[in-house]
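Chemist: Using my numbering, the letters of the sequence shown correspond one by one to residues 887 to 1400.
Heads up, a few of these hints could be off.
[Unchecked claim] Calculated lysine to aspartate or glutamate pairs in the DMTMM-like style (CA-CA distance at most 25 Å, straight line): (1) 1356 to 1173; (2) 1323 to 1349; (3) 995 to 1108; (4) 1240 to 1207; (5) 1314 to 1234; (6) 1050 to 1207; (7) 1368 to 1272; (8) 1015 to 1376; (9) 1343 to 1188; (10) 1215 to 1091; (11) 1117 to 1150; (12) 1015 to 1027; (13) 1242 to 1150; (14) 1248 to 1234; (15) 1083 to 1044; (16) 1169 to 1266; (17) 1061 to 1091; (18) 1117 to 1107; (19) 1083 to 1054; (20) 1248 to 1304; (21) 1083 to 1022; (22) 995 to 1091.
[What the hints assert, rightly or not] Label pairs and their computed distance ranges (CB to CB): (23) 1184 to 1121: 48 to 54 Å; (24) 1119 to 1332: 33 to 39 Å; (25) 1129 to 1252: 33 to 39 Å; (26) 1367 to 1159: 31 to 37 Å; (27) 1152 to 1033: 47 to 53 Å; (28) 1040 to 1367: 39 to 45 Å; (29) 1169 to 1121: 52 to 58 Å; (30) 1334 to 1022: 40 to 46 Å; (31) 1113 to 1378: 17 to 23 Å; (32) 1129 to 1190: 40 to 46 Å; (33) 1374 to 1094: 58 to 64 Å.
Everything labelled a hint here was simulated from the structure, so no lab data went into it. Here a beta-carbon is modelled for each residue, glycine too, at the ideal position from N, C-alpha and C.
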Amino acid sequence: QPIPSGLPTYGPSSDNYTATPATEHLNRTINDLLSSPLAPSTLRAYRQAWQLFRKFSLQVHALEGPAAADDSDSGESEPEVADADTRTSPKDSAKRSVLLVSTEYSTSKGGISTINRQVARMISAAGAKVYATVLETTEQDEREAERDGVKLLKPRLDPDSSAKPSLEWLTVYHKHHFLHIPSDICCIVGHVAVTSKAARKIKEERFPHAQLVMFGHVAPEETEHYKSDEKALGVGRKEASIQDDIGKADVVFSVGPRIHRHYDRFLQQRHVTHHIFLPEPSKVFCEANVTFGEEDKVQKPERVVLSIGRVRNVEMLKGHDLAAGAIEKVAQWLHNQYTLRHRVRGIDENEFKKSKRILDEKLRSGRVKPTLLPYGTQEEIRRDMEACHLVLMPSRAEPFGLVGLEAIAAGVPVLISEQSGLAEMIEKLSSLLGQTKFRHCIVRMKGNTETDADAEKWADSIEGFIKNAKSEFAEARAFREKLLASKYWEESHQTFLQACGIIGKNTQLQDRYC
């Protein structure tokens, strides 16, 4: 039987090892036994055997010299796999295998997939092996995964079945469709509330020794009320399901301060380690070429306003009704000065007509016709940003707001709802970076959906940005440079890699993206 991954050997590579004839003989005996075909076949038996030999080895050290005292103080009482406090050398990290439980490797459908890709790159850059489950994949996904140093695990299809891959294949039937997950996994990563249950099931049923790390992305208690009455009625069940998953994790990373605050008390009560995770802007946006440029003296120059995110069923939550209503007002106010364009990226092609109708209801005058664009790659969204004058993130409740962060990283002017985790982060960073003027990109909202007051606030902000576009571009560029130079994300990323047992506590991260 092979020695299970994560089980330490006792020998010259161990910390504080002192070579003596007795310990050399003991080392050979241990390794010969563990590699023998007669060795125990279960991890429990391996651990028990290792502990006995470990105890005996320390006794030998105590008889032959003081080195054993240093070794016993290291806290290494038994071979725990991927413990959050494990100090891993670069040599050891290359042997660690991490499983990301995900449904896709593409980033076109939202922030969770984007952060999953970022985490995959981060782990690979630190020297560990990375595997990521996917339900479906494209040739581009395969190329990007290979470039990122990530091995994609696709489901095994049943030739006698016409069933399409679904989340259940990961949650309920992973032993059938994902039997090929490598046996040396020592850390499993899931995302609330998409793959958190699947990650928990895979750990419990197949890798009980592995560290379970969860990323918190959503807070249903804040967001479901803006979707539908049916969704609002299901808030309790959804929150309970999330708590059931994260309560069984070893470590939880909440994306941004808003989500961290929402779950912190519950996780403290469950004695689950809890940290804030701050996303790093993707390289594709950091490399955007955004400038205001010099305009010819044309009559009524164009101003393009960009919103990103699906519309149908979430128009209230994402604030698309606010954006459209505000743009309608500004188009009337500035009718003789500018020509406004409104582009919306992230529309499901099957919902094009319904999404357009929702926006048209708010753009009643017909002065602005919305241009609806399908889900896009990061490169397509970057081109959208390079072509626009202003990005809007008008959500009534936004756990974080990755699209706003990407716009800031691109250097394009942006307006952000105060009801977002990103707004809280920007408030803090703008003070730390001495760029307090940038706070005016945060739009204060009353939250009353029965009146037009919030649309009026957004209209006032949009009008100010459009009339002062050149200075707003300069301000956005200055904040972008300070934000990226601050590397505000590094501490949380280092904490994550430590939690996975990939780097030691004093290891410094190398620049990876921006």
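Chemist: So, for every hint listed, does it hold in this structure?
Modeler: Going through the hints against the structure:
| no. | hint | in the structure |
| --- | --- | --- |
| 1 | 1356 to 1173 | holds (20 Å) |
| 2 | 1323 to 1349 | holds (17 Å) |
| 3 | 995 to 1108 | holds (21 Å) |
| 4 | 1240 to 1207 | holds (13 Å) |
| 5 | 1314 to 1234 | violated (35 Å) |
| 6 | 1050 to 1207 | violated (35 Å) |
| 7 | 1368 to 1272 | holds (20 Å) |
| 8 | 1015 to 1376 | holds (21 Å) |
| 9 | 1343 to 1188 | holds (22 Å) |
| 10 | 1215 to 1091 | violated (57 Å) |
| 11 | 1117 to 1150 | holds (24 Å) |
| 12 | 1015 to 1027 | holds (18 Å) |
| 13 | 1242 to 1150 | violated (39 Å) |
| 14 | 1248 to 1234 | holds (20 Å) |
| 15 | 1083 to 1044 | holds (23 Å) |
| 16 | 1169 to 1266 | holds (14 Å) |
| 17 | 1061 to 1091 | holds (9 Å) |
| 18 | 1117 to 1107 | holds (10 Å) |
| 19 | 1083 to 1054 | holds (10 Å) |
| 20 | 1248 to 1304 | holds (22 Å) |
| 21 | 1083 to 1022 | holds (19 Å) |
| 22 | 995 to 1091 | violated (30 Å) |
| 23 | 1184 to 1121: 48 to 54 Å | holds (51 Å) |
| 24 | 1119 to 1332: 33 to 39 Å | violated (25 Å) |
| 25 | 1129 to 1252: 33 to 39 Å | violated (48 Å) |
| 26 | 1367 to 1159: 31 to 37 Å | holds (34 Å) |
| 27 | 1152 to 1033: 47 to 53 Å | violated (39 Å) |
| 28 | 1040 to 1367: 39 to 45 Å | holds (41 Å) |
| 29 | 1169 to 1121: 52 to 58 Å | violated (37 Å) |
| 30 | 1334 to 1022: 40 to 46 Å | holds (42 Å) |
| 31 | 1113 to 1378: 17 to 23 Å | violated (29 Å) |
| 32 | 1129 to 1190: 40 to 46 Å | holds (43 Å) |
| 33 | 1374 to 1094: 58 to 64 Å | violated (36 Å) |
Checked against the numbered hints above, the structure breaks hints 5, 6, 10, 13, 22, 24, 25, 27, 29, 31, 33 and satisfies the rest.
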